[in-house]
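A.B. asks: So you can see what is in the structure, the chains are spelled out below.
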Amino acid sequence: MAAYLGRRLLAVLPVMVVVLTVVFLLIHLIPGDPVSVMLGPDATPDQIEATRRSLGLDRPLPEQLLQFYGRVLRGDLGRSYFLDRPVTVALLERAEPTLVLTLSALLVAIVIGVPSGVVAAARRGSLWDRGLMLGALLGVCIPGFWLSLNFIYLFAVRLGWLPAAGYTSVFADPLAALRYMVLPAVSLGFNQSALIARISRSCMLEALQQDYVRTAQAKGVAWPVVVGVHAFRNALVPVIAVIGVTMAILIGGAVVTEIVFNIPGLGRLIVSAIMRRDYPVVQGVVLVTAAAYVLINLVVDAVYAFVDPRIRYD
Amino acid sequence: MWAEILLTLAREVEMVRRISVRAAVAAALAVAVMAGAAAAAETPKRGGILRVGNLGEPPALDAHWTTASITETLTNHIYEGLYSLDRDNRPIPMLAESHSVSRDGLTYTFKLRQGIKFHNGKEMTSEDVVASLARWGKQSVYGRTLFDKVADLRARDTYTVELKLKEKVAIVLVSLAVPNNFAAIYPKEIAEKFPPQTKITEYVGTGPYRLAEWKPDQYIRMVRFDDYKPRNEPPNGYGGGKTAYLDEIRWIPVPDVATRVAQVETGELEFADDLNLDAYDRLKRNPGARPIIGKPYYWLVAVLNKKDGLMQDQKLRQAWQAAIDIEPIMRNVAGGKAEFYRMDSSLAFAEVPAWHTSLPGLPWNAHDRDKARRLLREAGYKGEPVRFMTTQEYKWMYDFALLTKQQLEDVGFVIDLQVMDWSTLVQRRNNPKAYDAFTTGMGNFFDPTHHVYLTCVWPGFTCDEDILKLQDELARELDPKKRFALWVRQTRQFYEKVPVIRYGDLFGLRAVLNTVKGFNEKTERVRFYNVWLER
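Protein sequences appear in the order of chains D and Z.
Numbering of the first sequence is given in our numbering, commencing with residue 8 and proceeding in unit increments.
Numbering of the second sequence is given in our numbering, commencing with residue 89 and proceeding in unit increments.
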């Protein structure tokens, strides 16, 4: 197991080099220029050129790429053009809101998705099954921004129960943080729960058709125990994979949710950085997201072995 | 019996009279009490946090460095210049006490106000002013224009600054007064520490609020500067006496416009700027908040590339001008609401009365399709695609570009509408080979010489000798009446040569809670000095 994990960790390096190179080239080759945006609509071309020179943006692209590699090797992701701070600092500032949103939404998604899938499978073809899968279908179909805006209108504007938008650190004021996080977590979690519910249902249906389930039933084990203990654990591996992928996606930034609910996380950061062509920030966020993807997949693979003892990596 | 009746009547009349008198007295008292209450309600109060929802982050808090409007709004609370603009957008002193001009018109001597403190506690002196203006003159759009004509700038004594010109120009005071990309006075140490092309990251000014904290994408906190020394005059436009009643202004970037509206409705924001016009009716119905129509906002403009490509041909530019029917375009862009647009051909907004023109007979909004077709024929136009760049990031730009395309194609133009993000557009427009026209908006210009689209350096590249000659004369002429006559000539010339296509004026939408008092609705960009909160 340890050797396997070591090999996987080593394989991260070439992935990172490829990701960094592709992102660097993509963001530099698309049209648009950070200096034109920063200097405002009335800036003249010669002013723009002078500032481009002062930022080193006039140098050949291969030279800029080599400098970028050099900085990354030293642990320096560069300095944001707009935010006047190192990219690492900007990323650390955005990490907490994104992690809190990710974990809250994931919790909501699991709490809704897994039981829905299990119940739908256990009562296959019933009204429960159809109702829950209709809910899952809605979760996939309803656009996140539409759901978020309607939640704001209903729960903040009309009922006044919760704040419309904003963010408070859980370390500063946990209660206020919870109030701010309810609407984004539920709207994002509901969207994400749909996939988890459908995968849970499929896996449970497959498990429920296995011989050991029939044997357990023949031995007179109660149906809820058959479903909850015998079938559920065996159906869990693909569900964990989906949960892992969902978490990786959310860490990369739940862009729409963060923008609508004004949460200063990584998703909002990368969108504004792309719009402004803040190259160092875009590169930094993509690097972190890629690393998160790889690491979460690694953790998920490790968890498989604990959930299903038949899985061995030696 | 008649006597009894008369007596009864007399008593009733007397009673009615007494009741009337009492009612009148009571009414008068009530009015007096209400007036007193109203007066009490309008008495400014210190304290409170004003939360302002705006579109996004500023690229810098360096007023010299960028023309971005969000930087203008924010920095005008932290810094001040020697001059500011009054309610008619004319220059009035701010950090300057007074000025004098030598007989030959070449030397301006500025007396500075004494006892003005920077936020770091240091007193402002002429050395700070000289260092700041020198930096501004190298980087700012307005500063560079002025400093092309400056021979020397020096401190004569602690509170006196002397500016010597190479030649007489009319734009000294107005250039020092414009609020955008403005001549903010920084401490000498900061002005000299940061070269003009490097934005400052130490924010020390003399303004009524000082920067307390900047957390990008979360908030910018400005707190009252207790040692601020206001001018003695009453508030006047952007200038006059400024009082910081609020403990704090918290600028919160809220990128989603629907969320900004919702946060005003829930009371999470006291003020929201840059709203979509469709929120107007909803805000009007809200008992706790009200909409504000921001005038002026932009006049819509299609900038034509005169350096390269099809639009070098004046007849094609005139054909575009003749073809368009501006009223339906403006009505559509304004969401069908007449409150949000104004049909005006003047190159200066009506809010700048000194330069606003009302000239009959201009070929503006002629909507003469036959003339447009004739001009196309005369130009030898054979259906070559006109590359017209726009963006969906600003909905009004996309809307008016789309409507323009339809109208132009009705008369025979072939329009290649190229939709891109704003960042790409502002880069491409600097390359004359890349386009024929692009959309943008023109904000307020406070002097004819500041109209960027009448220069050879700004995208679109108006290098027409006659236009530039008149701009040059406008810069040199000192007599206001003669300057206005020149401006009228320039306006007529503009509609003949058509360097850009002037559409109508579009207005903006803001929302404010009713607890916010003292807000000046007449300025183009928001200012929160002299504003207080009624709790």
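A hint or two may mislead.
Stated by the list, open to error - Okay, the calculated beta carbon distance ranges per label pair:
#: 1; chain 1: Z; residue 1: R378; chain 2: D; residue 2: W153; range: 24 to 30 Å
#: 2; chain 1: Z; residue 1: Q480; chain 2: D; residue 2: D53; range: 55 to 61 Å
#: 3; chain 1: D; residue 1: E56; chain 2: Z; residue 2: R564; range: 25 to 31 Å
#: 4; chain 1: D; residue 1: R81; chain 2: Z; residue 2: R623; range: 31 to 37 Å
#: 5; chain 1: Z; residue 1: Q480; chain 2: D; residue 2: E56; range: 38 to 44 Å
As the list claims (entries may be wrong) - Quick look at which bits of chain D chain Z covers, simulated, 3 or more residues with Cβ under 8 Å:
#: 6; segment: 30-43
#: 7; segment: 47-53
#: 8; segment: 71-83
#: 9; segment: 109-118
#: 10; segment: 214-222
#: 11; segment: 244-258
To be verified - Computed list of chain Z residues with no C-beta within reach of chain D, every gap over 10 Å:
#: 12; residue: E280
#: 13; residue: K287
#: 14; residue: D305
#: 15; residue: D362
#: 16; residue: V614
Hint data in this document are derived by calculation from the structure and do not stem from the laboratory.
C-beta atoms are modelled at their ideal positions from N, C-alpha and C, and glycine is treated no differently.
A.B. asks: Three residues minimum, CB to CB under 8 Å: does the segment 47-53 of chain D make the cut for coverage by chain Z? Let me know.
C.D. replies: Satisfied; 7 residues make the cut.
A.B. asks: Taking a Cβ-to-Cβ distance below 8 Å as contact, does the segment 71-83 of chain D have at least three residues touching chain Z?
C.D. replies: Coverage by chain Z is violated for the segment 71-83 of chain D (0 residues, Cβ < 8 Å).
A.B. asks: Go check the segment 30-43 of chain D versus chain Z for me, would you? Three or more residues, Cβ under 8 Å, otherwise it fails.
C.D. replies: Check passed, 6 qualifying residues.
A.B. asks: So the hint says 24 to 30 Å: do the beta-carbon atoms of R378 of chain Z and W153 of chain D match that?
C.D. replies: holds, 28 Å
A.B. asks: For the pair Q480 of chain Z and D53 of chain D, does the Cβ-Cβ distance stay inside 55 to 61 Å?
C.D. replies: Roughly 29 Å apart at Cβ, these two residues miss the hinted range, so it is violated.
A.B. asks: Verify that the Cβ of E280 of chain Z lies farther than 10 Å from every Cβ atom of chain D, and report whether the claim holds or is violated.
C.D. replies: holds, 17 Å
A.B. asks: Verify the coverage statement for the segment 109-118 of chain D against chain Z, using a C-beta to C-beta distance below 8 Å and requiring 3 or more qualifying residues.
C.D. replies: Contact hint for the segment 109-118 of chain D vs chain Z: violated, 0 residues under 8 Å.
A.B. asks: At a Cβ distance under 8 Å, does chain Z reach at least three residues of the segment 244-258 of chain D?
C.D. replies: violated (count 0)
A.B. asks: In this structure, is the beta-carbon distance linking R81 of chain D and R623 of chain Z contained in 31 to 37 Å?
C.D. replies: violated, 53 Å
A.B. asks: Please settle this one: V614 of chain Z was flagged as non-interface, so is its CB more than 10 Å from every CB on chain D?
C.D. replies: It holds; V614 of chain Z is separated from chain D by about 17 Å at its closest Cβ, greater than 10 Å.
A.B. asks: If I take the minimum Cβ distance from K287 of chain Z to any residue of chain D, is it greater than 10 Å?
C.D. replies: violated, 8 Å
A.B. asks: Beyond 10 Å from every chain D Cβ: check whether that's true for D305 of chain Z.
C.D. replies: violated, 4 Å
Checked against the numbered hints given earlier, this structure breaks hints 2, 4, 5, 8, 9, 10, 11, 13, 14; the rest are met.
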